[in-house]
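S.K.: Given the coordinates of chain A, assemble chain B onto it according to the supplied hints.
Listed below, chain by chain, are the residues.
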Amino acid sequence: MASLKRLPSPFTLPPTRRHEPLPLPPPEEVKKKLYDHPEAQRIRSGQLGEWFTTPLVGGEWTEWGKQARPDRIGMTFMAVNRVSANPEPTNAPARRLMHSRYIKTHHAIPPEMEEKIAPKYGTAREMDRRDQVWIEHAAELTEEALDRQMRPARQLRWEEMTPLAEDLERAFDQFATYLIQAMFLCSDASGPWNGLIHYGFAEIKSYLAYELFDYNLMCGLLRKRVMANGGGMGVQVDGLGAGIVEICNEASRGFVGEVEREFPSVVFAIDVLFNGLLLEMARLAAAGARSRFDRHLMTQVVQDCARHVAFGCRRLSFYLRHCPDREEAAVKLHLAADRLEPLQAEHHLLNPKVLEPLAVMLGGGAGAIAGGVRILREFWPQFAASYLARLDSIGLGRRDRCLLPAQPPF
Amino acid sequence: MANQKVEFPSTQWFQALAARMNEQRAKYQNFGFVTARAVFRVTATAAGNRNFGLVFDGFECLEVRELTDGEIAQFDPDWTMEGDYATWKEMVQNIKAHGEADPDHTLNRLCLLGHPFRVHGEDQTRVDVFYRQLFSFQAFIDESAAVETSFA
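So the protein sequences, as listed, match chains A and B. The first sequence: position 350 = 350 (our numbering), numbered continuously. The second sequence: position 115 = 115 (our numbering), numbered continuously.
The following block holds chain A by itself, in its conformation from the complex (with noise of 0.2 Å):
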């Protein structure tokens, strides 16, 4: 056996820290300073602050006095829209982060200590405008994506997972593996972008962090089916996110440097183009299901998916309607298209992976494979068909140049 004699590096690696590191002042000398600090003394003064003390009607307050009431779903954000004096945001560009539809900016501040205050890039004022950000009916949708989040403990009866034979157990074991894998990547594509979203746009947030909630309990939640039915996760889809990570990456620009980025084709890769896809799927999934509780998985994820392709929809359908150039920006999205359809048909529609487990699922078994991969055959023209007739929706036609094949390619 060899030695296992520590050898020197043949490289110099550089230190980590290149500086030294500032003196610290004596904690005697911070605990002073903090004492006469003048908030400090105000507060020890027993003296309330400016939030207290301006006017709530014409000074910093923002909608004193309003008494928003449950509707027929309850306190929704409907609801305090009903009677805030801003339902909706506007398109003026935003000064600060916190400050927006809902709080008023300080009066005393200037332009340009704001500006240094609230930089505009990385930060959340490099989305402020309504057609970079804004979806109709953005309340409801925001509600919805609340209110139909799976509650595990609530809708979830884990005693009633019905013991299945190895091949369909290996089947759906395999569907979820693809599953958590489709959604971490979705999950990690789309979240860094919540943070550049403007606070005034709070359905928005609020609706970018439930989609990010429901991949991420997806994920733990069909780890856990995999692992207490006597089976165990499957292998991994190579290519799953072909012409994803790339568009989204180049959308992204690595989220650095001050320079405009491009949320549209991040939102047409996740959640029109690939939610679509997961969609469909997780439907077959729910049909070949064999288990009440495995078919109750799959429908969630039919909703969760269903849901996301609505934002997607909504969200390109108002950026085009608004955008200040809509040839442009439909060019952009035309291209990111041409490039994901058919890296997306070869790697995500077409993987053995994906598809062979959803044949053995519809088929009844290993043996009754042939069975599956005819239903699978006879659903294929839906996957095109569904996207095409979204994209249409959305005044974003692409019936002459769509690459996704519209009859299955076995």
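Treat the hints as calculated values from the structure; they're not laboratory data. Take these hints with a grain of salt, some might be off.
[What the hints assert, rightly or not] Straight line, CA to CA, 25 Å or less: simulated SDA-like cross-link-like pairs of lysine to any residue:
| hint | chain 1 | residue 1 | chain 2 | residue 2 |
| --- | --- | --- | --- | --- |
| 1 | B | LYS27 | A | ILE73 |
| 2 | A | LYS120 | A | ARG290 |
| 3 | B | LYS96 | A | LYS224 |
| 4 | A | LYS224 | B | PHE135 |
| 5 | B | LYS96 | A | ARG290 |
| 6 | B | LYS27 | A | LYS120 |
| 7 | B | LYS27 | A | ARG157 |
M.R.: Frame of chain A; chain B shown alone:
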């Protein structure tokens, strides 16, 4: 009366389902709220094609009415679920027998291939409401397990 038979298809039959939904708010709150205008279309009945327009809002079904073919567009449905009488009858009987749809008779399964049921509409983004709120619509149809149904 609970044990009085209600004929399928009829406005009364869908109203019976609506009544059961409306008296089980907690159950439907668990699924999430519904906002949909739906048409259930039963083709090839003895009386021809029958259409029933239903309005769902919150956790209730607020309206049930029969529509002529010509009235469907004015009703402005988000989606229409269409199937022939024989398939509807088989589904309703299956739900009665099992207390809820078995794997081969769920709405998703029956609509999967565009036959024997088909979900369609003018605008795909509105048709997608069917999938967004699928738990609620399945539970609504499953209410027929508690309705004594006679078939025309």
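S.K.: For every hint, state whether the structure bears it out.
M.R.: Right, here's what the structure says about each hint:
1. Among the hinted pairs, B/LYS27 with A/ILE73 is consistent with the structure: their alpha-carbon atoms are about 14 Å apart, no more than 25 Å.
2. Proximity of A/LYS120 to A/ARG290 is assessed by CA-CA distance (about 52 Å); at most 25 Å being required, the pair is judged violated.
3. As the CA atoms of B/LYS96 and A/LYS224 are separated by approximately 33 Å, the hinted pair breaks the 25 Å bound.
4. At roughly 22 Å between alpha-carbon atoms, A/LYS224 and B/PHE135 fall within 25 Å of each other, so this suggested pair holds.
5. Using a Cα cut-off of 25 Å, the hinted pair B/LYS96 and A/ARG290 holds, with the two alpha carbons roughly 20 Å apart.
6. A threshold of 25 Å between alpha carbons decides the hint, and for B/LYS27 with A/LYS120 the separation of about 46 Å lies outside it, so the pair is violated.
7. Proximity of B/LYS27 to A/ARG157 is assessed by CA-CA distance (about 15 Å); at most 25 Å being required, the pair is judged to hold.
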